[in-house]
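These protein sequences, in sequence, are chains A and B. Take the position in the first sequence, starting the count at 1, then add 24; the result is the number in the working numbering. Take the position in the second sequence, starting the count at 1, then add 93; the result is the number in the working numbering.
No wet-lab data here; the hints were simulated from the structure. Since the structure is predicted, the reported quantities are computational estimates derived from the model, not experimental observations. We put the CB at the ideal spot given by N, CA and C, even for glycine. One or more hints might be untrue.
[Claimed, not checked] FRET-style restraints, in silico, Cβ to Cβ: (1) A:27 x B:535: 53 to 63 Å; (2) A:27 x B:127: 27 to 37 Å; (3) A:105 x B:484: 42 to 52 Å.
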Amino acid sequence: MKIIKNIKKYPYISMIALSSVIFGIYYIPHHFVNASVSASIPIQNAPVDEAMSDVHASTAAMEETKQDNDPASVSENIVYEFQKADVDYFNDALFIGDSRSVGLFEYAGWDNATFYVENGLTIWDTLDKELIPLEGTKEKISIRNALQKNTFGKIYIMVGINELGRGTPDSYLEEFKNVVQTIRKLQPNATIYIEAVMHVTIKKDEEGTYINNAGINERNAKLETLADHQSVFYIDVNSALDDENGGLNEAYTFDGVHLKASYIGLWKTFLLENTIQKPD
Amino acid sequence: MVFSSMQFIFGFLPVFLLLYYITPNKYRNAILFFGSLIFYAFGEPVYIILLLVSLYINYTIGIYLAGINAHKKRKLLLLFSLLFNFGMLFGFKYLNFFIDNINLLLQYFNNAYHYHFITVPNVKIILPLGISFYTFQIVSYLLDIYYKKMKAEKNLLMLGTYLCMFPQLIAGPIVIYKDIYRELRHRTHSPEMFEDGLKTFTLGLSSKILIANPCGSLWHEVQVIGFESISTPLAWLSMFAFTFQIYFDFNGYSLMAIGLGRMLGLTIPKNFNQPYASKSVTEFWKRWHITLGHWFREYVYIPMGGNRNGSIRLIFNLFIVWSLTGFWHGASWNFLIWGLAVFVLITIEKLFLLKWLEQLYLLPHIYMLLVIPLSWMLFAIEKLSDIKLYFEKLFPHTVNFSMSFFDQPDLIKALSEYGLFLAAALLLCIPAFSHIYNKYKNKIAMILLLFVMFWLSVYRLISEVNNPFLYFRF
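Start from the sequences, fold in the hints, and give me the full structure.
Okay, here's the thing in structure tokens:
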């Protein structure tokens with residue numbers, strides 16, 4: 025009886041104490057389980073084949089036409105060189121990326137291109153995170169879905185800063201490969217540009233967190249191996265943004281990670297100067 | 094360890110409170126002292142030695158200072174102690190600033206006049222947590238002994254508890270020893286006080302997490318974008334966002350400190366009293382960071398003669414006080430400029446403006462609505478070239494106030510993301526809200542509201558834990 029009386033007398037202490045205990049019981053075991061899962065590699069292998077069945081027909085059709093037009097391209101490798109293009113090149117381009125590409129989306133002024141970008145995006149949720157707003161509705165769809173509905177000629181992808189502390193360079197590569205293969209299946213004619221992960225500044229690097237250039241370089245080296253130089257290319261914007269110490273130039277950024285809007289132009293120029301022109 | 098962390102709320106605090114309350118009354122200061130050292134060690138495992146050395150040396154000086162009668166010797170000892178305390182503060186907080194600026198000066202001479210001065214390398218120093226606060230506290234203790242306002246503390250544990258107690262160790266409020274030593278010796282604990290303290294803590298926590306952090310995100314975002322790329326309306330909006338952030342952050346922290354103190358039976362002084370409702374800068378600074386203002390008044394302004402030696406001397410005294418106040422906030426030119434701007438405003442008010450402001454109703458609030466946020470920009474932006482850039486954004490050469498002026502994509506995006514938080518912040522700056530809280534804080538509806546706010550804050554904290562960066566993920 026005394027306890028009940030006290031609860032009535034001190035309702036706030038009682039409520040906080042009681043709810044904290046309940047919270048502790050539920051949160052702590054859950055929290056520890058979570059922590060151990062994120063250390064290992066996330067499992068998000070949605071049924072690729074199933075989703076693919078819709079597009080099989082059209083893919084086959086496209087391959088046929090391709091063979092008709094240019095039988096040589098199937099068997100022989102052409103040596104492509106990066107060339108300069110004008111903005112119209114991006115009319116049928118798609119950019120996939122995290123907050124850094126959000127900056128490109130918001131400040132590049134490329135209204136002709138398409139952007140599937142979101143803050144905090146990682147390679148593990150690139151395909152299935154629902155981030156693309158469907159016009160006229162409140163619904164959002166995933167990149168996997170969107171790539172079944174729309175066709176692109178060029179697909180750029182830069183994802184990798186958020187997951188630096190997650191997985192290993194090899195598991196990152198594996199997942200990246202999976203994403204590229206899925207995109208390839210869904211968009212067989214698109215030129216895919218794998219963008220090297222942009223460096224952080226030396227100051228950010230020296231903070232000693234997992235956000236550092238050594239980790240970025242290690243993963244970029246893995247990404248480079250994914251290029252087949254025929255339809256998948258690797259481009260490294262860091263050459264245009266680094267200072268003499270191999271970090272993102274301090275002047276270009278406030279937080280050491282994101283380009284200031286006024287320096288997005290450097291990235292734009294780099295993209296425009298490093299395009300692959302394929303004969304129609 | 095900050096108060097607004099899972100580690101503190103569900104780790105340190107409950108364990109500490111349990112130990113504190115199962116311990117008999119007379120050992121509770123020991124628990125508080127050692128608990129506070131553990132609290133400090135979480136953030137600063139090395140500099141804890143500095144804190145303890147400072148405590149012991151000042152304790153000894155205090156006893157000597159009280160024991161000596163010869164005027165000259167007392168003065169000498171005081172001088173030594175001030176040199177020691179401010180020397181430490183200078184070494185850790187300001188040394189690099191001075192080295193950098195001397196180097197700039199030398200380089201200028203080298204370039205302009207072909208001298209060959211050698212520049213001094215910078216030293217790598219990390220600022221010890223809370224040093225600005227505990228230095229001021231211990232100096233106030235020594236000065237009070239010197240002015241014979243109080244006796245020296247003979248019990249080292251008592252002085253240590255005062256200096257180190259975790260509710261105020263890291264970011265104030267600045268507690269004066271003569272205001273709290275009685276409570277340290279004999280204090281009462283009651284469930285009523287505990288409950289009240291917990292409520293105050295919740296207010297502070299939600300103020301920080303639910304209001305200050307979202308407002309801070311907008312300010313952070315604008316900095317990431319770069320000032321040169323934002324529209325004028327967004328520059329204005331972000332300036333108000335920072336104005337809210339700094340208030341709800343700092344007041345939130347102070348409320349958490351006061352609440353924690355009350356849970357332990359200690360009275361920690363109020364630090365904010367509806368500052369944004371002030372009608373003049375003079376009044377504002379009596380309501381903002383009250384304990385710091387009090388410290389400067391008590392230990393700098395009044396010993397210098399205050400306003401008793403004519404208006405020239407008054408202006409000089411204000412100049413010194415506000416330069417120091419500016420500099421206390423950080424070792425950088427912008428803080429000094431900010432302090433000087435406040436000095437100019439307060440001087441103008443003291444000379445003539447205040448008389449007018451006090452008679453009017455609406456105009457003073459409009460004046461404050463402009464002047465205070467603008468002064469915060471000097472505070473918030475470290476690089477002088479960026480300050481210039483920001484003011485150019487706020488006041489562009491040509492303004493065409495048509496509808497299209499406000500039709501900026503960046504403004505619309507910011508409003509859609511942060512509008513709700515900014516509106517809530519604006520409302521909560523109205524004094525009526527705190528009257529309502531005080532009137533109804535024991536009613537069940539208010540208790541339920543606090544309860545919801547507490548768990549909402551925790552929810553936000555958890556999502557921030559999963560996200561290693563304070564503001565937003567990449």
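So, going through the hints one by one against the coordinates:
1. A:27 x B:535: 53 to 63 Å: violated (20 Å)
2. A:27 x B:127: 27 to 37 Å: For residue 27 of chain A and residue 127 of chain B the Cβ distance comes to about 31 Å; the hint holds.
3. A:105 x B:484: 42 to 52 Å: Hint holds: Cβ distance 48 Å, inside 42 to 52 Å.
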